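Heads up: the sequence lines are chains A and B, in that order.
Just so it is clear: in the first sequence, position 72 is 71 by numbering that gives the first Met the number 0, and no numbers are missing.
Just so it is clear: in the second sequence, position 98 is 97 by numbering that gives the first Met the number 0, and no numbers are missing.
No lab work stands behind these hints, which were simulated from the structure alone.
Remember, it's a predicted structure, so these values are computed and weren't measured experimentally.
Hints are supplied without guarantee of correctness; some may be wrong.
Within a straight-line C-alpha distance of at most 35 Å, the following computed DSBU-like cross-link-like pairs (lysine-lysine) qualify [said to hold, decoys possible]:
1. A:K112 / B:K202
2. B:K216 / A:K112
3. A:K112 / B:K125
4. B:K152 / A:K45
5. B:K25 / A:K7
6. A:K137 / B:K152
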Amino acid sequence: MALSTRSKDCFNKVLSHSLQSAASDIFAAGSLMESIASDDELSKIKLSRIMLTISGIDFRVTFLLHYRDDALVRGVIKKSNNDEGTPVIAAIDREELDAYFLEMGNRFCGEAKRLCYESFDHLGMSTPCVLSATTTLKDMHNDDLKFEGHVRFEHGGTAILAGSVFVYSEQDVELDLDDSRFTEQEGAGELEFF
Amino acid sequence: MAVVMVYLLIALVAGLLATNTVFVLKTAQANTALREKDAQSVQLECRIDELEAALVQASGSADAASCAQREVAELQHHNSDLRGQLDELAARASSLQQQLNESQSELTHFQDHQNQNEAILQGLFKEMARLKELLMTFERWNLELTSLIDHNKMMQAQNEDFSTIVKQTIILALNASIEAARAGEYGRGFAVVADEVRSLAVKSEDLNNEYKSHLSKNEVITISTFQDIQASSQLILTAINNFSSRLNQIQL
Chain A
0 MALSTRSKDC FNKVLSHSLQ SAASDIFAAG SLMESIASDD ELSKIKLSRI MLTISGIDFR
60 VTFLLHYRDD ALVRGVIKKS NNDEGTPVIA AIDREELDAY FLEMGNRFCG EAKRLCYESF
120 DHLGMSTPCV LSATTTLKDM HNDDLKFEGH VRFEHGGTAI LAGSVFVYSE QDVELDLDDS
180 RFTEQEGAGE LEFF
Chain B
0 MAVVMVYLLI ALVAGLLATN TVFVLKTAQA NTALREKDAQ SVQLECRIDE LEAALVQASG
60 SADAASCAQR EVAELQHHNS DLRGQLDELA ARASSLQQQL NESQSELTHF QDHQNQNEAI
120 LQGLFKEMAR LKELLMTFER WNLELTSLID HNKMMQAQNE DFSTIVKQTI ILALNASIEA
180 ARAGEYGRGF AVVADEVRSL AVKSEDLNNE YKSHLSKNEV ITISTFQDIQ ASSQLILTAI
240 NNFSSRLNQI QL
């Protein structure tokens, strides 16, 4: 059994929309270039990963938030954290960076859960966990995996942020969302367009 | 003769007197009767007047009597209808009474049932309280899995240390091979040992990489399980709280 094309499309949209929504406080929507990514592509880029899970009665959906740990990302975060927009001298250490993206992961997964509620009555959400650098996307594969989707966001030509969705179930999982669910949010000004 | 004549005269006078007396008496009787008749006549006249008056009244109310007759006929018809309706009402009342009896019987049955339900409801409340206590099990699993994740991280760190040692061993074996080659004939035996050490180090590295891969997979499985339990416990807790809220509504 496999997921329907419609369901796969909806999971991809949930992934993309939720990630953009979660990242909107540091990256203006217009400044991020979205593109579909494969796990091979993402494996080639050195990215840190945060894992979150939404569980339903007979399925679970796991999201990965991939982020670049470099001066560019730290610079963007420092700038966004400073009210006047001037760079903060104090450096962000690894733990602070992880804590920042753990919080973003919570928003990302929370938005995804809110959207999934349209199709599923009972859902629960986990807290986020940082994966170690040795883990690979192939580690996410198992016999229950029904679907995986990846999206990549570039900022100034550099892949800065990415997201993955993995749907695990022994049954069919049908997510059917109206496209207006995504456009309504954008129109409501949650995302910032330039 | 004269005496006879006198006697005859006396007899005649006497006869006349008697006759007269009779007449007087008769006249008196006749007068009495006449007065009675007269009184009767007056009474009759009065009666006639009354009858005439009654006749006039009767003739005047002939139409009313006809109307009254019609009304009486209508009333009788209406009365007949009412009687019919009364019969129907009586039949319905009887039916309602029967239904009432049945309802009372059902009510009694329902009350018994309600008492049973009340007992079941109290049982459900107890089970609900136990279910909430059972959720503590999830907390325990969370703690155990957190410990497993921490342990896994420690093993990964040790694996990294081991990887460094293996790499250093390979370099060391390589250096040993170079030194053995420099020693020429005297170093031949040592070169064999150095090659063996290098070979073992390479195998260790392969094994270590495999182990590292398994540790990574293990980490993902452990975190997945941890998160699934965490998310599912949230889902179950929400379901229990919803159910509990419904139960409270029933009790209210």
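So, going through the hints one by one against the coordinates:
no.: 1; hint: A:K112 / B:K202; verdict: 46 Å, violated
no.: 2; hint: B:K216 / A:K112; verdict: 26 Å, holds
no.: 3; hint: A:K112 / B:K125; verdict: 32 Å, holds
no.: 4; hint: B:K152 / A:K45; verdict: 19 Å, holds
no.: 5; hint: B:K25 / A:K7; verdict: 147 Å, violated
no.: 6; hint: A:K137 / B:K152; verdict: 19 Å, holds
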